[in-house]
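Below are the chains, spelled out letter by letter.
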Amino acid sequence: MSWTFECEARLGTSLVARRHRLSNGLCLVSVVDHSAPIVAYQSWFSVGSRHEQEGRTGMCHLFEHLMFNETKSLPVGEFDRQIEAIGGDTNAATWVDWTFYRASIPKDALGLIISLEATRMTELVLTPKVVEAEREVVINERLQCIHDDVDGFAGQELFRHAFETHGYRWPTIGWMDDIKALSIPDMEQFYADYYAPNNLTLVVVGDFEESELLASVEDKYGALVSSNVSPPDSAPEPPQLGERCHSYKKPVNSARVLYGYKAPPQGHADWPAISFACQLLSGSASAPLHRELVVHRELASSISCEVMPFRDASLIELSATATREHTLDELQEAIDTELGALADKPIPQSEVDKVANQVETEFWGSLTTVDGKAESLGHYQCVHGDFRALFSMAESLAAVTAEDVRRVLSTYFTESTRTVIRIEPEA
Amino acid sequence: MKCILEPAFDTPLVSFHISNRLGTAAEPIGSEGLVCHTAEMGFRGASFLDRNQFDEKVDSLGAGLGIGTRRDYLTLRGTCLLRHLDTLFDLAVSTIHLARFEQEEHEQLLRETRYELDDLRDDDASVAHRFLNRYMHPGHVYCRTALGTEQSLATITREQSRDLHAKLFRHSDLILGVAGAIDDEKLAKLASRLPQDTEPAPYPTPSITPPPLAPRRRLVLVDKPNREQCQVAMGHLAPAYGSPAHDQMQVAETAFGGMFTSRLMQEIRVKEGWSYGANCSMNRALGSHGLQMTMAPGADVCPLAIARTLELYSELHEGGLRQEEFDFTRSYLQGSAAFERATANQRLFRKIQEEVYELPMGFADGFAARLTDMTVADVNDAIRAHTKPEALCVVVVATASSMLPKLESLGWDAIEVVAFDSY
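Chains A and B supply the protein sequences, listed in that same order. The first sequence lines up with residues 1 to 427 when you count with my numbering. The second sequence lines up with residues 1 to 423 when you count with my numbering.
In case anyone wonders, no lab produced these hints; they're calculated from the structure. Cβ atoms here follow ideal geometry from the backbone N, Cα and C, with glycine treated the same way. Mixed in with the good hints there might be a few duds.
[To be verified] No more than 27 Å apart at the CA atoms, straight line, and that leaves these computed lysine-lysine pairs for DSSO-like: (1) K57/B x K271/B; (2) K72/A x K167/B; (3) K220/A x K72/A; (4) K57/B x K345/A; (5) K271/B x K406/B; (6) K129/A x K388/B; (7) K2/B x K189/B; (8) K2/B x K167/B; (9) K2/B x K186/B; (10) K406/B x K250/A; (11) K388/B x K271/B; (12) K189/B x K388/B; (13) K180/A x K167/B; (14) K180/A x K250/A; (15) K271/B x K180/A.
[What the hints assert, rightly or not] Covered by chain A, according to a simulated footprint, are these stretches of chain B (three or more residues, beta-carbon under 8 Å): (16) 256-270; (17) 291-300.
[To be verified] Okay, the calculated bits of chain A under chain B, using three or more residues with CB under 8 Å as the criterion: (18) 282-290; (19) 312-324.
Use the sequences and the hints to build the structure in full.
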């Protein structure tokens with residue numbers, strides 16, 4: 001065996017997550033869970049839209065679609081057919097820092113999925129017919145998720161204006177012109193560069209024996225050759241020195257505003273406190289922004305706040321939708337007033353205790369299913385290089401104090417580092 | 001009252017469900033939205049707590065507490081850390097028995113529902129579903145909006161809502177289910193907190209038999225400005241959950257549009273690239289409810305996508321499934337059954353559905369065995385009887401001025417153009 005055991009950590013009351021690495025760099029995080037005869041098998045590649053370049057945006061996402069097509073040994077459609085024939089389900093997701101492929105399979109099919117996944121890592125065939133059909137699907141996906149979806153459009157515009165140099169400034173699905181122009185040679189180079197064992201983390205959670213998993217994975221992936229290409233770092237983003245505001249008229253019923261405050265990377269010491277503060281602001285019915293703007297004054301029909309879990313510095317997104325009786329100006333003024341007031345006064349300990357309970361509940365809720373466990377472990381292993389960051393994040397969140405919240409509110413929720421996207425109905 | 005326990009010890013979370021046997025189908029005509037409104041009013045002040053105090057109490061536990069409304073039943077669902085179970089459960093019980101129904105909260109909730117309608121209209125897929133539900137089978141209780149309309153919300157009074165609330169959760173109709181690290185003794189203690197002293201006369205059972213409807217293929221074009229892409233939803237009524245025909249149609253629906261390898265997905269997405277998704281699904285309810293197909297093609301290819309789907313559906317009706325297609329789909333459904341009962345919450349949900357749909361215990365888990373006994377001829381008989389290409393209602397959310405001329409020629413018995421904010 002050419003596996004190296006690296007570490008382990010408890011997951012819940014009775015499970016253990018363990019990490020091994022093959023000599024070609026492939027990382028494997030596994031959790032044996034016999035509670036149901038199923039397995040979550042996920043392949044996390046450390047490549048996302050931030051690794052793309054101007055003019056070739058959308059490559060990661062389009063390529064993710066193409067991975068479900070023909071290989072040298074399997075005709076088009078055979079990958080899905082073999083998975084569905086045994087009752088399994090597959091899908092994939094691409095975001096700024098990663099691309100992951102998930103399969104939920106009955107336990108008896110573990111050998112099948114290992115073989116299928118290893119095969120499509122090296123034997124994918126990109127024919128013009130398949131590429132053009134999939135490109136058309138992605139174009140329609142973009143129409144659906146951004147052109148005709150006001151929230152998708154607002155999110156795209158927020159990142160486009162908030163970032164000047166970093167790869168976070170384009171949408172993961174890519175710009176329409178770029179999607180139409182991506183070439184097969186570009187795709188083949190992308191495949192060779194990034195779909196390599198040293199850029200892959202396998203996360204396997206479910207009903208299997210670890211020794212058998214290790215043997216099977218080594219058998220199918222052990223001979224794969226590492227890639228020499230390391231993902232390029234995005235150009236560092238210069239400090240934002242003033243508010244950026246952009247307004248749009250769209251055929252919508254309700255006006256809405258989206259703020260993006262500059263935030264540190266997920267690995268930064270302040271990130272847990274910011275995440276905690278977001279939950280405190282609007283994460284429940286009794287949260288101050290929700291209570292004041294939605295319940296008491298009925299300025300907004302909804303309001304939400306979250307910090308992006310990205311590898312590099314990103315944004316705190318705060319979004320609100322105005323009710324029919326009120327304008328965006330009224331809503332924005334109220335949001336700013338509330339945020340200012342919260343940052344200026346001590347946060348009651350009862351509010352901190354409340355959010356600590358919410359965060360704990362949410363943490364366990366995300367680990368209820370084998371897919372949920374695998375996704376959490378995969379994100380932290382891929383973005384932070386260590387799945388145990390999931391548990392240290394939970395500990396950091398539990399340790400956030402009232403003073404931490406007040407400090408991050410006054411430090412990060414500042415007008416000079418925010419970008420504002422306003423969407424109002426056309427006349 | 002029926003009690004169900006699904007033990008689970010892997011996390012410190014516990015969930016409880018308190019379900020009844022009366023849902024939105026029970027609403028009087030013209031009062032659409034009444035049941036949702038009434039159910040939600042329980043959270044707008046109960047016992048000694050006003051709305052803000054109630055929210056504060058639930059949130060301080062880090063818990064989730066809400067009510068789900070279905071056609072045939074409601075479920076009050078709570079999720080919390082085990083150490084907070086007693087407190088959250090008492091709060092849940094108070095929403096059932098001690099709701100305050102203050103006029104101010106009643107009026108605010110009606111306004112909030114109107115805001116929800118506003119927001120829904122900015123989501124084209126939701127608009128398509130709302131209009132399909134309305135036009136699929138007019139007159140059927142399941143084809144009325146659960147959320148309500150501007151007009152129906154205006155008719156709802158606090159007294160009407162309060163009277164209904166007293167009858168929604170009759171003790172003898174209740175099903176209490178818990179998933180988590182508790183035992184039977186604890187379950188019994190929780191059950192004892194649901195008071196039995198008030199047992200009002202039962203609410204009139206709604207008729208869930210759909211009225212006759214002439215088989216006409218109808219196009220409802222929901223006009224929305226500047227659409228580059230269309231949301232399409234089409235369907236008709238299908239057999240009630242629990243019937244043999246529903247089992248057989250579940251195979252048909254899955255083979256036609258329930259998998260990535262299904263006919264619809266392969267033709268519309270894989271072969272043509274017209275839409276990111278193209279799916280077929282069937283609702284579960286006590287009576288006949290919808291079988292629907294959905295897709296989101298670009299405006300330029302929308303007529304082609306609809307025409308092809310109609311063609312595929314007619315082919316399914318006339319030719320049924322091939323033996324190998326049936327075998328594949330059966331294998332898929334039997335294999336995927338494990339994912340539907342993998343967690344304690346999933347198992348609990350299935351058991352509660354068996355209760356509210358008046359099905360024998362183990363019915364859901366027995367589907368895999370029933371599939372073993374099923375033949376392709378059984379499924380094709382059901383397809384011939386229950387797929388109705390000539391009676392499809394097709395809803396398209398698009399810009400009517402440009403889309404109508406392209407769709408008119410597809411062969412409709414009736415065409416109606418409606419504004420997206422008209423319902």
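Worksheet entry | Per-stretch coverage check for the stretch 291-300 of chain B, three Cβ contacts closer than 8 Å to chain A | Per the Cβ count (3), the hint holds.
Worksheet item: Given the hinted pair K220/A and K72/A, is their alpha-carbon gap at most 27 Å?
Response: Judged against 27 Å, a Cα distance of about 16 Å means the pair holds.
Worksheet item: Does the alpha-carbon distance linking K2/B and K189/B stay inside the 27 Å limit?
Response: At roughly 14 Å apart (the allowed maximum being 27 Å), K189/B and K2/B satisfy the hint.
Discussion item. What's the verdict on K2/B and K167/B, does the C-alpha distance respect the 27 Å limit or exceed it?
Written reply: Since the Cα atoms of K2/B and K167/B sit roughly 18 Å apart, the hinted pair holds (cutoff 27 Å).
Practice prompt. Can you take a look at whether the stretch 256-270 of chain B is actually covered by chain A? Rule is 3+ residues, C-beta closer than 8 Å.
Written response: holds (count 6)
Discussion item. Does K167/B sit within 27 Å of K180/A, going by the straight-line distance between their CA atoms?
Written reply: Violated, at about 59 Å.
Practice prompt. Could you grab the alpha-carbon distance between K72/A and K167/B and see if it respects the 27 Å cut-off?
Written response: violated, 64 Å
Worksheet entry | Agreement of K189/B and K388/B with the hint, judged by alpha carbon distance not exceeding 27 Å | Measuring from Cα to Cα gives roughly 50 Å; hence the hint is violated.
Discussion item. Count the residues of the stretch 312-324 of chain A whose Cβ falls closer than 8 Å to any Cβ of chain B, and tell me whether that reaches three.
Written reply: That given contact holds, which follows from 3 residues of the stretch 312-324 of chain A lying within Cβ reach (below 8 Å) of chain B.
Worksheet item: Holds or violated: K406/B with K250/A, Cα cutoff 27 Å?
Response: holds, 25 Å
Discussion item. Need the status of pair K129/A, K388/B: alpha-carbon distance at most 27 Å?
Written reply: Measuring from Cα to Cα gives roughly 35 Å; hence the hint is violated.
Fill in: Proposed proximity, K250/A with K180/A (alpha carbon, max 27 Å)
Measuring from Cα to Cα gives roughly 25 Å; hence the hint holds.
The structure does not agree with the numbered hints 1, 2, 6, 12 and 13 stated previously, though it agrees with the rest.
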